[in-house]
Amino acid sequence: MSDAKAVADRLVKAKRLNALLTPPKDLRKSLNAQAAAARPTGVLYGMPVAVKDNICTLEFTTTCGSRILEGYRSPYEATAVAKLKAAGALIAGKTNCDEFAMGSSTEHSAYGRVLHPLDKARVPGGSSGGSAALVAAGAVPAALGSETGGSVRQPASFCGVVGIKPTYGRVSRYGLVAFGSSLDQIGVFGRSVHDAARVLSVISGRDPRDSTCEDRDSLRLPTVPESLQGFVIGLPREYFPPELDPAVRRACDRAIRLMKELGAAVREVSLPHTPYAVPTYYVIAPAEASSNLARYDGVRYGPRFNGAVDLRGLYRSTRGQGFGPEVRRRILVGTYVLSAGYYDAYYKRAQQMRALIAQDFRNAFDRGVDLLFTPTVPSPAFKAGEKLGDPIAMYMSDIFTVTANLAGLPAMSLPIGRIKGLPIGGQLIGQAFLEDEMIEAAYALERVVPETDEA
Amino acid sequence: MSVSREEVLRIAQLAELDVQEQALADLVAQMSRIIDYVAQLSAVPANGSVKPVVPGPDAIRFRTDEVTPSQLAFGPEEFAPDFKEGFFVVPKLGQFE
Numbered sequence: 003m004s005d006a007k008a009v010a011d012r013l014v015k016a017k018r019l020n021a022l023l024t025p026p027k028d029l030r031k032s033l034n035a036q037a038a039a040a041r042p043t044g045v046l047y048g049m050p051v052a053v054k055d056n057i058c059t060l061e062f063t064t065t066c067g068s069r070i071l072e073g074y075r076s077p078y079e080a081t082a083v084a085k086l087k088a089a090g091a092l093i094a095g096k097t098n099c100d101e102f103a104m105g106s107s108t109e110h111s112a113y114g115r116v117l118h119p120l121d122k123a124r125v126p127g128g129s130s131g132g133s134a135a136l137v138a139a140g141a142v143p144a145a146l147g148s149e150t151g152g153s154v155r156q157p158a159s160f161c162g163v164v165g166i167k168p169t170y171g172r173v174s175r176y177g178l179v180a181f182g183s184s185l186d187q188i189g190v191f192g193r194s195v196h197d198a199a200r201v202l203s204v205i206s207g208r209d210p211r212d213s214t215c216e217d218r219d220s221l222r223l224p225t226v227p228e229s230l231q232g233f234v235i236g237l238p239r240e241y242f243p244p245e246l247d248p249a250v251r252r253a254c255d256r257a258i259r260l261m262k263e264l265g266a267a268v269r270e271v272s273l274p275h276t277p278y279a280v281p282t283y284y285v286i287a288p289a290e291a292s293s294n295l296a297r298y299d300g301v302r303y304g305p306r307f308n309g310a311v312d313l314r315g316l317y318r319s320t321r322g323q324g325f326g327p328e329v330r331r332r333i334l335v336g337t338y339v340l341s342a343g344y345y346d347a348y349y350k351r352a353q354q355m356r357a358l359i360a361q362d363f364r365n366a367f368d369r370g371v372d373l374l375f376t377p378t379v380p381s382p383a384f385k386a387g388e389k390l391g392d393p394i395a396m397y398m399s400d401i402f403t404v405t406a407n408l409a410g411l412p413a414m415s416l417p418i419g420r421i422k423g424l425p426i427g428g429q430l431i432g433q434a435f436l437e438d439e440m441i442e443a444a445y446a447l448e449r450v451v452p453e454t455d456e457a
Numbered sequence: 253m254s255v256s257r258e259e260v261l262r263i264a265q266l267a268e269l270d271v272q273e274q275a276l277a278d279l280v281a282q283m284s285r286i287i288d289y290v291a292q293l294s295a296v297p298a299n300g301s302v303k304p305v306v307p308g309p310d311a312i313r314f315r316t317d318e319v320t321p322s323q324l325a326f327g328p329e330e331f332a333p334d335f336k337e338g339f340f341v342v343p344k345l346g347q348f349e
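Residue numbers (the working numbering), protein chains in the order written: chain R, 3 to 457; chain S, 253 to 349.
The reader is advised that the hints may include incorrect statements.
Below, a list of computed lysine to aspartate or glutamate pairs in the EDC-like style, where the Cα atoms sit at most 16 Å apart [claimed, not checked]:
{"id": "1", "chain 1": "R", "residue 1": "K422", "chain 2": "R", "residue 2": "D247"}
{"id": "2", "chain 1": "S", "residue 1": "K303", "chain 2": "R", "residue 2": "D247"}
{"id": "3", "chain 1": "S", "residue 1": "K344", "chain 2": "R", "residue 2": "D312"}
{"id": "4", "chain 1": "R", "residue 1": "K17", "chain 2": "R", "residue 2": "D121"}
Think of the hints as simulated: they come from the structure by calculation, not from any bench.
From just these sequences and the hints, can you work out the full model?
This is the structure we're talking about:
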């Protein structure tokens with residue numbers, strides 16, 4: 003049992019990263035109370051787990067990195083959080099994130115940007131950048147994040163930690179503040195594959211409060227395999243384009259060689275609709291966001307900004323002042339693609355493309371491939387401000403991750419090398435509800451990849 | 253610009269969002285860029301036979317039709333700005349300070 007004071011001290015020490023939104027005083031008080039109440043028989047007894055600020059907790063406020071929910075205390079907690087507590091874990095504060103999880107750099111938080119733990123001029127990735135940074139800085143062994151288009155895997159890759167996005171429906175979304183409901187899943191960060199996997203195992207499984215959560219038992223953890231004998235790993239050629247950062251390519255080549263040495267059969271596959279994944283995502287996600295975020299109107303949620311003379315004026319001023327620029331932009335894009343006259347050209351077309359992207363994966367798996375291996379992000383962590391002026395450049399950071407969200411598949415990122423000290427992540431994409439196979443391969447690869455070497 | 257100033261203002265109205273005059277020019281440019289970018293989807297021939305993907309369980313599970321107690325840790329008297337005699341109290345519009 004790590005004592006509450008030591009847990010809090012480690013988190014407060016990482017304060018310069020701006021990764022934690024919970025004030026130190028509140029954190030210490032709550033950790034003391036939680037440690038006293040934690041069940042000693044739980045499988046995560048005493049393990050501190052930081053939680054992204056778009057997941058509801060009773061212990062701390064839930065602001066989603068937004069001004070519109072400043073000071074909001076949820077009267078209920080997420081199923082994932084309740085399961086962590088039941089397993090004896092300590093909820094170690096709320097982590098900074100892009101506002102409503104919209105962003106790829108954690109620069110779009112109303113509470114300031116999160117710093118990359120290894121280079122303060124760079125971003126930790128996003129939107130779960132606070133969770134990734136705290137795990138990378140050694141402040142907590144694991145943290146919860148959430149994914150709509152790569153918001154766990156991309157920051158895991160940038161910060162050099164393990165990040166897992168489970169199959170859609172594996173973990174209950176009850177208490178996860180909705181962004182894109184057909185894409186959202188709670189994911190986990192860990193210092194190691196094992197830390198991430200055991201937290202995922204605890205939070206997974208059926209939940210009567212979420213009808214999109216599958217009626218399945220919680221995930222059973224695989225054992226660490228001796229080899230990868232019998233595994234067929236597919237390399238989708240669309241994920242290794244000529245413009246891929248050479249260091250990322252070298253790190254991937256080395257990881258592929260190591261998997262072969264472990265006995266895996268490696269073959270090239272094609273996922274031909276991959277180039278359309280980002281535009282598809284940036285139609286579907288904003289469309290769903292525009293309806294999910296309708297509730298922040300100053301009546302149901304959010305402060306009532308003064309000066310309105312009628313109800314619509316109240317809505318407009320509350321939303322206009324409460325949301326930051328990226329959220330406003332996405333709500334507008336979402337409203338645009340759903341509006342009369344544009345629905346067929348954008349939204350319907352994106353839905354069809356989503357089906358084709360999912361079919362690409364099924365075709366690859368039907369041909370005997372067990373898992374796919376790709377780079378997680380086309381480059382290492384970029385500099386703060388570098389992509390703020392161009393939303394499309396920022397969106398392209400998700401090019402290798404959005405496909406798994408669109409298809410609802412499990413995927414994870416693990417460190418496979420470094421370039422000039424900056425971590426590089428490799429991605430494994432698995433078949434629906436076969437997280438155990440994916441984690442097994444990750445265990446094997448993790449043991450042999452020299453994480454600290456230059457790729 | 254594929255999206256005009258007037259369109260952005262109309263969409264903002266539909267979305268119930270105030271857009272500041274000084275932010276409008278940038279917003280028109282950025283929305284045009286995003287819409288132009290996603291428009292590449294329409295270059296792909298439409299295929300009516302493709303069934304849309306609905307992630308999650310294949311069938312909706314029905315629950316037993318019974319009242320389950322509210323699981324709230326605290327009631328509306330604590331989380332609402334104003335709550336009296338079982339009602340949420342909202343300010344009268346037009347009388348804001």
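Practice problem: Would you pick out the hints that fail for this structure and give their numbers low to high? | Solution: 2
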